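Asks: Put together the whole structure using the sequences plus the hints.
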Amino acid sequence: MEHPEEVALRVLPPPASSRTHSQYNMYAEAVTPNSSQDVFTTSHMSLPFSGPHHRRGADEKSVLRRPEGVHSGAAATREGRGRRSRMRLKLVHYYDLVYYRLKQRRILFCSLLIAGIIGSSLGIGWAFRLKTFNIADPDNMHNSIVQLSANIVDVDPSKQEMTLDWLINYDCESIGCPDANIFFDSNTLRMDSSDSQTPSNVKPDPIFTVIGRNVLAMRNNTDRRASSLTFRTDVAISNAHTHRTLQSYPFDEYATQLVFFSENAATNESIAVSIVKTTGLAVGFNIQLRNPTDIKDDFGTVIKNIEVTRGRAVRIYAIFIVLVIWLVTLTFMIICVLSVFFGKGISSGVLVLPMGTLFAFTQLRSTLPGAPDGFGAVIDFMGVLPCLAILTICSVFMTAIFLFRDPECDVERWHWKKPGEGRRRSTA
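Using the numbering used here, count along the sequence shown one by one with no gaps and you end on 432.
A portion of the hints provided could be inaccurate.
What the hints assert, rightly or not - Straight-line Cα separation of at most 27 Å, DSS-like style, residue types lysine-lysine; simulated pairs:
id: 1; residue 1: K281; residue 2: K308
id: 2; residue 1: K163; residue 2: K308
id: 3; residue 1: K163; residue 2: K135
id: 4; residue 1: K308; residue 2: K207
id: 5; residue 1: K135; residue 2: K308
id: 6; residue 1: K281; residue 2: K300
id: 7; residue 1: K163; residue 2: K207
id: 8; residue 1: K348; residue 2: K421
id: 9; residue 1: K135; residue 2: K281
id: 10; residue 1: K300; residue 2: K207
id: 11; residue 1: K107; residue 2: K94
id: 12; residue 1: K422; residue 2: K348
Stated by the list, open to error - Pairwise CB distance ranges, derived in the manner of DEER restraints:
id: 13; residue 1: I307; residue 2: G380; range: 29 to 39 Å
id: 14; residue 1: F132; residue 2: R82; range: 51 to 61 Å
id: 15; residue 1: H245; residue 2: T366; range: 33 to 43 Å
Don't read these hints as lab results, they were simulated from the structure. Since we're looking at a predicted model, the values are computed, not measured. Virtual Cβ for every residue (Gly too), placed ideally from N, Cα, C.
Replies: Right under this line is the structure:
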């Protein structure tokens, strides 16, 4: 808070003596300690048409306060710039220091970099590997007579079927080893087209019959002429409930239901059956149980709800390929705009690259595992097809520009600083 006398001294007019303007400035600086405010106030008092009692009252307060605001704002601006410049210098210093030390140890740095990239790549690949087919109930092994082991062979989304190999272990000593029939839901199996059986919801015919005496003979090594206890089924898979068809690749999804049971061939009494082991995998697909159910009927029927989806690695790779195609397309589109419309000089070798990229995109599309043949998937409509159209247009413009000018040299308007600068100069 300034003393009132100091304020009064700053706003007094020059004495009526022969003092010059510079002498009055010296007089004001000697009386008031704030020299910056005195210079600003004196400059205002020496303006023309300013009376001897100018800047009093409300104007006096504004004059006295304005220099503080101006100088404080300027000081804050300088302080902010200084802080940013010091931070920039520190970053540059640390960058140079790290670069120098890495350059001295470049062999060790390159070795660690290579080891880190290889290790991380192998770890990511291992984490995204396909899961083994697993729908087994190993806890029921000791409670079942007919023990089934399933091995996944193949999944065909175009035909919507899944192929499984089955191995039977008939643990029949406890019940005297009678002949046993194994039944599957016939409507979920892909049967031979020559089969004349009319589809219905009646009890199906047995898909495999186990002869008890032959099982005992093979175990006792008395007669090994009997056929092996294996069979193959082609199970229908459907997207009726998932609403994700092959067009939704790589997010298509299929579901199926395995229903099977076993009976005594002579008495039709139920025999306990279960899946005790599952192995194998279908390349590019994950097969797992969906909504496991404990629903049981009076005949020991086993129900398995199975879900078939693409593996995570397949999905990530398909999305990555689409992103790469879009990035390359947008890069060439920006080059086309800069060269053709704005006149930026571009190397002629770059201008002809889109022509070759058109064919590279189709090759990338063919590398997608399990993708539908030709075009028709969602990734085609959202990635490949629009990018091919954009690249075709860019190729036409970037090739036709050779007919009108040298594309490697900048046009004059590229260097304009103001709108129409070159035209005004030529007109003048």
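Asks: State for each hint whether it applies.
Replies: We went through each hint and held it up to the structure:
1. Restraint check for K281 and K308: the C-alpha separation of about 14 Å stays at or below 27 Å, so the hint holds.
2. Pair hint K163 plus K308 holds up; C-alpha atoms about 21 Å apart against a cutoff of 27 Å.
3. Restraint check: the Cα-Cα separation between K163 and K135 comes to about 23 Å, which is no more than 27 Å; the hinted pair holds.
4. Annotation: proposed proximity of K308 to K207 holds, straight-line Cα distance about 18 Å (limit 27 Å).
5. Proximity of K135 to K308 is assessed by CA-CA distance (about 18 Å); at most 27 Å being required, the pair is judged to hold.
6. At most 27 Å may separate the alpha-carbon atoms for a hinted pair to count; K281 and K300 meet this at roughly 20 Å.
7. With a C-alpha separation of about 26 Å, the suggested pair K163 and K207 falls inside the 27 Å cut-off, and the hint holds.
8. For the hint pairing K348 with K421, the CA-to-CA distance comes to about 15 Å; that is within 27 Å, so the pair holds.
9. The hinted pair formed by K135 and K281 meets the criterion: a straight-line CA distance of about 15 Å does not exceed 27 Å.
10. A hinted pair counts as satisfied when its Cα atoms are at most 27 Å apart, and K300 with K207 qualifies at roughly 17 Å.
11. With a C-alpha separation of about 20 Å, the suggested pairing of K107 with K94 holds against the 27 Å cut-off.
12. Of the supplied pair hints, the one linking K422 and K348 holds, its CA atoms being roughly 17 Å apart against a limit of 27 Å.
13. In this structure the supplied range 29 to 39 Å holds for I307 paired with G380, their Cβ-Cβ distance being about 35 Å.
14. A C-beta distance of roughly 55 Å is found between F132 and R82, which places it inside the suggested range of 51 to 61 Å.
15. A hinted range of 33 to 43 Å holds for the C-beta pair H245 and T366, which are about 34 Å apart.
In summary, this structure violates none of the numbered hints.
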